[in-house]
Amino acid sequence: MSVFGNDHIPPQAPSGSRLAQYLNGRNQQQPQQPQFMDQGRFNSNAMNGFNSTESFDPNRGYGNAYIPTISNEDAPLNKADLAMLTTNIPLVGLQVSNEDTLKQRWANAGHGSFFTEPDIRNELMQRQVAMQCHQSSSAGEPAVVEHLRNLRQIGRTPVMRYGPTCMEYTYKGMNVNDGLTYSVHRISGVRQISPYAMTQLENWRRISNSNIVRFHEVLQTCAWNDNSVLFIYEFQPLAETILKHFFHSNGTLKSKYSGQGVPGLSEQLAWSFIIQISSAIRTIHSAQMASRCIDVNRIMVNASGRFVITGSGIPDAMNEPNKNIMSLQIEDLRMFGAVLCALLNGSINGHSNVNIDMHYSPDLRNVIKVLCNAHASPSRVTSVNEIMPMVGARFYAQVEALQIRIDLLENDLVKELQNGRLFRLLCMLCTVTDRNLPKEPFWSEQSERYMLKLFRDYVFHQVDPYGRPVMDLEHVVLSLNKLDSGVEEMVQLASSDNENILLNSYKQLRQYLESSFDYLKREMENPITPDLSKPGPPMIGPDGQPLVSDAAMGMPPDAFGDMPPGYVLPFAPNVPPPGPSRR
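Heads up: the sequence shown begins at 1 in UniProt numbering, then just goes up one per residue.
To be clear, the hints were calculated from the coordinates, so they are not data collected in a lab.
Hints may be right or wrong, so weigh each one.
[What the hints assert, rightly or not] 20 Å max Cα-Cα, derived SDA-like pairs, lysine to any residue:
hint, residue 1, residue 2
1, K521, T433
2, K453, M428
3, K254, K369
4, K507, E523
5, K244, L328
6, K453, P469
7, K453, E514
8, K439, E523
9, K439, D518
10, K453, P441
11, K256, A303
12, K254, E234
13, K439, C427
14, K369, I330
15, K507, V463
16, K439, P362
17, K453, D497
18, K369, M358
19, K453, V463
20, K369, L328
21, K507, P441
22, K244, N349
Build out the structure end to end from the sequences listed, making use of the hints.
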């Protein structure tokens with residue numbers, strides 16, 4: 001039998017409650033908001049933590065008491081809609097999940113657990129660890145450079161890109177001005193940066209695209225005992241270059257990324273790569289600039305499976321000014337085609353179109369032809385927009401993938417939002433219960449505070465008929481929700497010895513909690529009025545010894561004016577004040 005009775009109607013949040021304000025007066029009309037559903041009596045046999053076999057089915061977690069389920073009338077996603085979802089879901093350890101995994105996650109979204117899904121939680125935790133983990137500094141490596149702290153080298157092998165004397169090193173460090181972690185590219189052996197390069201770098205600061213690692217600033221330093229330039233970018237935790245992510249050390253493609261019956265990348269993953277990188281190139285070319293960073297060492301895969309271009313702006317600063325921006329943009333397209341050929345051929349040195357013509361669709365082959373044959377002539381200039389007709393409806397599948405990714409994250413955000421609301425309620429409850437004030441030693445045991453203490457025991461200290469502890473999180477969440485909404489439902493509260501049994505409504509308990517918490521806030525804001533009739537603790541001087549008082553010198557209390565008894569002088573009248581020479 002239900003604890004609410006057979007004709008129970010789920011309670012509505014009162015109009016004046018905080019929950020009603022949060023829901024904008026709509027309460028259960030919002031499917032994403034908490035709903036108080038008719039639940040059976042809590043399981044008295046749930047003894048193993050929060051794993052009640054009755055209230056906590058593993059397939060639904062804690063959700064039915066708190067998070068609404070998805071209706072069975074929702075149409076399942078078909079395979080065409082999920083064409084490219086595998087590259088846009090959370091990747092734990094940068095592993096691409098398959099379609100079946102994504103379908104199951106989407107079907108369970110919103111009711112799989114009361115807490116954040118494990119894969120999303122693991123991904124976010126791994127990102128935090130990657131940003132906060134500090135390796136030991138190598139010998140000769142400065143840990144602090146201007147406003148950068150905790151500088152640690154990420155790649156141990158320097159790369160020679162801009163001449164025999166200019167080596168590139170990659171670090172991560174924290175900016176003390178905002179507390180964020182940044183990626184730092186250091187180029188050694190650079191005398192100075194030209195005004196043209198500074199202008200180009202300022203233009204790169206204004207470039208904003210989700211597939212471009214954002215450039216922040218440039219610094220010149222001698223902290224490494226040479227002339228170095230630091231290019232500071234947004235930090236991408238757990239990101240890997242596509243050379244490391246997709247290829248073995250011998251330059252061949254990893255088998256888990258190859259398509260069925262093809263030597264290279266699967267076609268759906270190839271289209272995802274094309275759409276994302278072409279979006280970045282389109283943004284750069286629209287600003288009358290060129291990337292000059294389209295290669296397997298500059299394109300990265302971040303923790304969420306997104307392709308991003310890093311190092312933008314460094315070639316502009318390190319190379320001689322070149323006003324022929326059109327030729328540089330054409331070179332971007334050709335390099336884009338070369339990287340795509342390597343991925344489709346399954347080899348870092350593969351540039352043949354034979355395998356591509358045999359195993360891939362005509363649209364994908366046409367993209368390769370447009371990119372690799374890009375040219376600029378007085379009559380016609382190849383643009384990245386020319387590959388859009390080949391992309392076609394696949395672009396919508398990519399948009400759908402991003403939207404589902406957002407929906408999954410929002411579903412988990414709603415759970416954490418409600419967890420934060422209950423956490424604030426628990427903070428208030430724990431602040432009030434079992435607190436004794438100096439002026440009122442038994443304040444927490446009196447009046448309404450005693451009711452709150454009994455309610456705390458009712459929520460967290462349930463026992464079964466044999467006196468064993470009952471640990472039922474569904475009961476905890478349901479009770480706290482009712483308290484937060486202030487419903488009229490009555491609750492029976494009993495002391496631990498069952499000698500005192502009281503009935504109260506959740507609405508009254510809510511009022512008790514607010515009034516008690518407000519009382520504590522007023523007490524905190526009251527000014528301190530010392531009682532001068534009682535001697536206070538002795539004052540300690542700089543040398544660690546108690547300071548001399550008038551009583552200690554054998555003088556009357558009022559010898560130095562209207563000083564109350566026990567007043568401690570800063571120092572004795574005939575004793576010099578403490579100073580550096582005093583022993």
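Sort out whether P441 lies within 20 Å of K453, counting only the CA atoms.
Judged against 20 Å, a Cα distance of about 16 Å means the pair holds.
Going straight from one Cα to the other, do K439 and D518 come out at no more than 20 Å?
holds (17 Å)
Within a Cα-Cα threshold of 20 Å, do K244 and L328 meet the stated pairing?
violated (26 Å)
Could you grab the alpha-carbon distance between K453 and M428 and see if it respects the 20 Å cut-off?
Cα-Cα ~12 Å, so holds.
Verify the proposed pairing of K507 with P441, using a straight-line Cα cut of 20 Å.
Violated, because 27 Å separates the two Cα atoms, which is more than 20 Å.
Check the hint pairing K507 with E523 against an upper bound of 20 Å on the C-alpha distance.
violated (25 Å)
For the pair supplied as a hint, K244 and N349, confirm whether the alpha-carbon distance does not exceed 20 Å.
holds (14 Å)
Holds or violated: K254 to K369, with C-alpha atoms at most 20 Å apart:
Answer violated: K254 to K369 is near 25 Å, above 20 Å.
Does V463 lie within 20 Å of K453 when you go C-alpha to C-alpha?
holds (16 Å)
Restraint status (C-alpha distance of K439 to E523 at most 20 Å)
Measuring from Cα to Cα gives roughly 11 Å; hence the hint holds.
With the threshold set at 20 Å, check whether the alpha-carbon distance from K369 to I330 stays at or below it.
holds (13 Å)
What's the verdict on K369 and L328, does the C-alpha distance respect the 20 Å limit or exceed it?
Given that 20 Å is the threshold and the Cα spacing comes to 19 Å, the pair holds.
When each numbered hint is compared with the structure, violations occur for hints 3, 4, 5, 12, 13, 15, 16 and 21.
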